[in-house]
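J.: Sequence:
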Amino acid sequence: MSSSIKHLVVIIDLNPFYWSDKISSTTTTLNFKQYLKIIIQFCNAYIAFDINHRLTIIGCSNNETCFLYPDPTNESLIIPTVTKTNLFEQLFVIDRVVENNLKEFIENLSPQHISSGSMITMALTQALCYINRLIRDTLPGEKNSFRILIIQTTTDTSKQYMNFMNAVFTSEKINVPIDGCILNNDSSLLQQACDLTSGIYLRVPDPNGLLQYLLWLYLTDKEVRKMLALPTKVAVDYRPACFCHHKLIDTGYVCSVCLSIYCDNTSTCSTCRSAFDINNQSISTSNGITDSSRRQIR
5 MSSSIKHLVV
15 IIDLNPFYWS
25 DKISSTTTTL
35 NFKQYLKIII
45 QFCNAYIAFD
55 INHRLTIIGC
65 SNNETCFLYP
75 DPTNESLIIP
85 TVTKTNLFEQ
95 LFVIDRVVEN
105 NLKEFIENLS
115 PQHISSGSMI
125 TMALTQALCY
135 INRLIRDTLP
145 GEKNSFRILI
155 IQTTTDTSKQ
165 YMNFMNAVFT
175 SEKINVPIDG
185 CILNNDSSLL
195 QQACDLTSGI
205 YLRVPDPNGL
215 LQYLLWLYLT
225 DKEVRKMLAL
235 PTKVAVDYRP
245 ACFCHHKLID
255 TGYVCSVCLS
265 IYCDNTSTCS
275 TCRSAFDINN
285 QSISTSNGIT
295 DSSRRQIR
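Going by the working numbering, the sequence shown opens with residue 5, and the numbers climb by one from there.
Please note that the accuracy of each hint is not assured.
[Stated by the list, open to error] The calculated DSS-like cross-link candidates involving lysine-lysine, where the alpha carbons are at most 30 Å apart (straight line), are: (1) LYS177 x LYS41; (2) LYS230 x LYS147; (3) LYS177 x LYS251; (4) LYS177 x LYS226; (5) LYS230 x LYS177; (6) LYS237 x LYS251.
Note that these hints are calculated values from the structure, not bench results.
Take the sequences, apply the hints, and build the full model.
T.: Here it is as structure tokens:
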């Protein structure tokens with residue numbers, strides 16, 4: 005009987021914007037170096053928890069992403085099978101590879117282009133592509149499960165809404181839960197992702213206890229969580245983002261051809277190039293969204 009492999013993909017927000025803003029803050033003693041150390045400790049705990057656990061780590065900043073582990077440029081450092089005899093070797097390899105790739109990634113960050121948002125969507129897309137490759141390479145009889153954990157420090161950027169939700173729907177379709185852990189203000193995008201994919205969302209109330217929260221909520225898989233006392237689910241903000249300004253809206257106009265959403269009535273749909281028929285306008289309100297009839301340009 006083959007064992008079930010449980011694969012966790014950890015996406016780490018490495019944007020220094022959040023930490024530079026916290027330098028003058030006296031509410032927390034957690035700094036960027038300690039933040040990285042805690043995440044590595046959590047990853048080591050995940051590998052040591054079960055010999056059937058597998059790990060992938062992806063880092064992202066405001067303008068790029070990078071595979072921190074495994075190292076795609078040096079496959080000789082990857083230990084394909086973890087056993088009780090080589091467990092500590094695996095932990096040493098993870099520490100060394102992640103440390104080297106982190107150092108290179110941070111050194112290449114451009115201070116001229118630092119912004120308050122990170123490429124979470126790009127990292128999530130890469131994680132799903134990597135998982136899809138692992139699913140494709142799964143041998144007959146093997147039963148593997150996958151999970152994504154996003155550790156975010158920056159705020160949401162509405163411009164990523166469309167692509168992010170497409171990635172979330174893909175994750176839901178292939179039955180890959182997305183867990184979210186955020187150190188900043190609540191993220192409506194991450195809340196939606198966790199709710200749609202049956203993951204766990206948590207806004208860390210005290211960053212100094214980050215390791216405890218990670219071990220409590222994200223060390224175990226979906227089946228074990230049923231026996232744990234989990235945080236109470238908060239109300240999820242399901243407001244959509246308009247296609248014109250990428251802002252979250254309560255009421256908007258929906259193109260009846262392609263279902264694109266706009267915050268204001270326009271003469272032409274920018275997505276499908278349909279024209280709004282002003283003389284034959286039909287408007288109905290449902291769940292805060294106004295439906296505007298449009299006709300196709302010929």
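J.: Would you mind marking each hint as holding or not holding in the structure?
T.: For each hint, the structure was consulted:
no.: 1; hint: LYS177 x LYS41; verdict: violated (34 Å)
no.: 2; hint: LYS230 x LYS147; verdict: holds (20 Å)
no.: 3; hint: LYS177 x LYS251; verdict: holds (26 Å)
no.: 4; hint: LYS177 x LYS226; verdict: holds (16 Å)
no.: 5; hint: LYS230 x LYS177; verdict: holds (22 Å)
no.: 6; hint: LYS237 x LYS251; verdict: holds (25 Å)
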